[in-house]
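Peer 1: Use the sequences and the hints to build the structure in full.
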Amino acid sequence: MKVALAQICPKLGDIRKNFHMHIDCIQKAKRKKADLLIFPELSLSGYTLKDMVEEVALQPRTDPLFKQFKTLSRNISFIVGFVEEKEKGLFLNSAAFFSQGKILHIHRKVFLPTYGMFEELKFFGQGKNFTSFPTPFGKAGMMICYDFLHFGSSYLLFVGGSELIIVISAAPGRGFADDDSYASSRMWELMGEAISRFSQTFVIYCNRVGYEDGKSFAGGSFIYNPGGQLIAKSLYVDEDFLVKKIDLEDIRRFRKKRPYRRDEKPEVICEALKRIIENYED
Amino acid sequence: MKINPSFAEKLLTRFIKEEFSKLNFKKGIFGLSGGLDSSVCALLAAKALGPKYIIGLIMPYRDSFSRDVKDAEDFACYLGISFRIIDISPMVDPYFAKYPTNNRILRGNKMARERMSILYDVSARERALVLGTSNKTELLLGYGTIHGDIACAINPMGDLYKTQIRQLARYMKIPDKILRKKPTAGLWAGQTDEGELGLTYTKIDRILYQLVDLKKTKKEVISSGFQKRDVEKIITLIKGSEFKRKMPPIPKISDRTVGHDFLFPFDWDR
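Same order as they appear, the protein sequences are chains A and B.
Quick note on this note's numbering: the first sequence kicks off at 1 and runs consecutively.
Quick note on this note's numbering: the second sequence kicks off at 1 and runs consecutively.
These are calculated hints, taken from the structure and not from any lab test.
Predicted model only: the values in this text are computed from it and were never measured.
Here are the computed lysine-lysine pairs in the DSS-like style, where the Cα-Cα straight-line distance is at most 27 Å: (1) B:173 / B:52; (2) A:215 / B:10; (3) A:11 / B:26.
Peer 2: Structure (structure tokens):
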């Protein structure tokens, strides 16, 4: 299958403009014969929304733009990041997987960074689950940005049977590296390498670029194969449109060699977690 | 503290380019002093926007700092940016003739605000955006005049310490005579930043980096080899200048108040 990563710079708060940017990317991906196109976190709205959250929120079931997305997804699958009004007055940072003319799954960001420069919990409600769901390419699971830095999330998708772990992100860069990139990009790559290698899934990470209120989104989207090898990498900091052919048979190959999934013991982990939680102080 | 200067240059020129496009401005303007920071700013802006869209304002007081004026002119010519010399003494002198003072800080602050006032006026006439030239060291120490040299629309170099600006300047091949100058706020003749602060920038930046970037405690910074007196002085300066880095507080009365819970991004509708 062919995967496309749209490392774009959405315009903050301008749904209409961003929608057209999405349409352009979808058409481009179709021309390049991609099967799955991935957009970054909050790709339809931009990231630093603050009180604009409620102005840009969409209801997937009834929204006319989503209706158009569904139609477009008849012959290509894609993932879009958006603000979801899940119920009246409840706003979530969400990712929708469009395929075969419908929405296959919506993931709601569980871990909302609220420290240092981040203040998501102030403006968003929290998701509650990490689901592996069937797609035309096998089972997949989605995460949004900070979800991925909590390795328990990847574990849940691994145990749930995901063969593709897809992370959409709006990660600002910090710190200098030796090459022309941010030091913080290493953090994402390290996680990508570790999770892909030990869950033997494809890890596909799509970050955005551009500045919002001085924060610079770092780009550097990537794909790791189920052996922990980096097989595709977008530019750092600059806009990019990456298309990469991946071989889903790799999953079988690596899992035959080292049966991590076969030998996994979710029951033991679950029981041990329960005991830890029961013994929490306070 | 070591930066990757090529990446820093890329990030800052991209930032300038993107902000100008968001704000729908073509021209940039800033005060050009002949010192290091404004020279680096000029070079970054020229690279980002093209030299013909850059205006450097050279704003001397009487004939003090005539060497700096010459250096600023030379550098503007070298970059191919346009520049204008506006002497601020006809504006400043009548005020101090009426309200005399020998307090150098008062006089210096008034001059810094006069320059700001001219900068904003020319920026409006020219439809140009005011670029700030403050660095992270100055911002953290509050070593600048509020509503004076701190005032700007965007501040490209505000996250680089003075010594990091020097690294960037060397990489960007800023002329040696500018690189070698003793940093000065130019408030009065003979003033140097390091003389006034009583510490070298190398020392200040190392202490700031540990306190701010690495979040080390005062005790940890002192035990890493700095004098208690120096570390305490820097902490006092940081704490005492928070007002220069913030909007002034508003007493909350209503349900939704500017600065409290009326929260929109700077890039709102841009």
